[in-house]
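Our numbering puts the first residue of the sequence shown at 117, with every later residue one more than the last.
It is worth saying that the hints were derived from the structure and are not from the lab.
Beta carbons are placed, not taken as given, at the ideal position from N, Cα and C, and that holds for glycine.
Possibly wrong hints are sitting among the right ones.
Claimed, not checked - Pair by pair, the computed Cβ-Cβ distance ranges are: (1) Asn269 x Asn210: 25 to 33 angstroms; (2) Met134 x Asn210: 45 to 53 angstroms; (3) Asn269 x Ile227: 36 to 44 angstroms; (4) Phe268 x Lys335: 14 to 22 angstroms; (5) Gln238 x Pro270: 17 to 25 angstroms; (6) Asn241 x Met135: 41 to 49 angstroms; (7) Thr392 x Lys207: 29 to 37 angstroms; (8) Ile367 x Lys272: 48 to 56 angstroms; (9) Leu342 x Ala276: 21 to 29 angstroms; (10) Ile367 x Ala313: 17 to 25 angstroms.
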Amino acid sequence: MTISNIFFYYLCNKIKNMMLGTYEINNIYNIDCVKGMKQLPDECIDLVVTSPPYDNLRDYNGYKFDFENIAKELFRVMKKGGVVVWVVGDKIKNGDRSLTSFKQAIYFQEIGFKVHDSMIYQKKNTPFMRSNAYTNCYEFMFVFSKEKVKTFNPLKTNTARNGFEKLVANKKADGVNKKVLGELKKEKTRTNIWSYAVGLGGSTRDKIAFQHTAIFPEKLALEHILSWSNEGDIVFDPMCGSGTTCKMAKISNRNFIGMDISKEYTELSIKRLEMTPPQLF
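Construct the complete structure from the given sequences, taking the supplied hints into account.
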């Protein structure tokens, strides 16, 4: 092991012992997140990436989902400029969509969050077909902010053409379109519709993760972490389930805290983290 790697592991161990309220960071805790967040200080979290149980679609080991108090505590613990990414879908029963996702977004707004963006998580290979409607292949990724967003590292995509070309300019007073020499950039900021493969090999290659009833893709969590936080920031998942957000925070050199009310899922996520080496560069 090189000297630089030895120093890196020493630094990781020192950071691991840092406390946030009563919690050691870079750990996952088996606790009701409402109770857990009450032990966190005000304005201590930079980013939340999480996904709540959708309506009653998931039997979350028999536990109750206290949405309103979760939202209120999230507002208290978020730093000014911090972001909450809330990945949520709706139940469809007897042809009627619940719109719980919208109701939750409105509540976040009512308690003080700004609705910074309403993004779409498109599933490339969804199995949910409907006989009398188009295939439902998306969920919402609401991006809430506490005051003005402080960090945005936009992800880019390649453009079809780049270089200098004669481009059509705005019409002049004589009504004639004129062409001027302009530069087409090699890259542009991505749209707010993100597509991911799901299932084994898509969401993750960690087979043990599928012991959880519903996981979102690792790439989804990673891309939000890269977009809305910087290295060394604290990423929090109050309903961490299989531990995807915490895993992606670890490999992207962010600090993290995870909470989950289920002992089974807490043990699963801790085991998954133990299988994940930290990013060395």
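A quick look at each hint next to the structure:
1. Asn269 x Asn210: 25 to 33 angstroms: violated (43 angstroms)
2. Met134 x Asn210: 45 to 53 angstroms: holds (50 angstroms)
3. Asn269 x Ile227: 36 to 44 angstroms: Given about 27 angstroms between the Cβ atoms, the range is violated.
4. Phe268 x Lys335: 14 to 22 angstroms: holds (19 angstroms)
5. Gln238 x Pro270: 17 to 25 angstroms: Given range 17 to 25 angstroms: holds, Cβ gap about 19 angstroms.
6. Asn241 x Met135: 41 to 49 angstroms: At roughly 42 angstroms between Cβ atoms, Met135 and Asn241 fall inside 41 to 49 angstroms, so the hint holds.
7. Thr392 x Lys207: 29 to 37 angstroms: holds (33 angstroms)
8. Ile367 x Lys272: 48 to 56 angstroms: This hint is violated: roughly 20 angstroms between Cβ atoms.
9. Leu342 x Ala276: 21 to 29 angstroms: Given range 21 to 29 angstroms: holds, Cβ gap about 24 angstroms.
10. Ile367 x Ala313: 17 to 25 angstroms: For Ile367 and Ala313 the Cβ distance comes to about 19 angstroms; the hint holds.
In the structure shown, a violation is registered for the earlier hints numbered 1, 3, 8, in ascending order.
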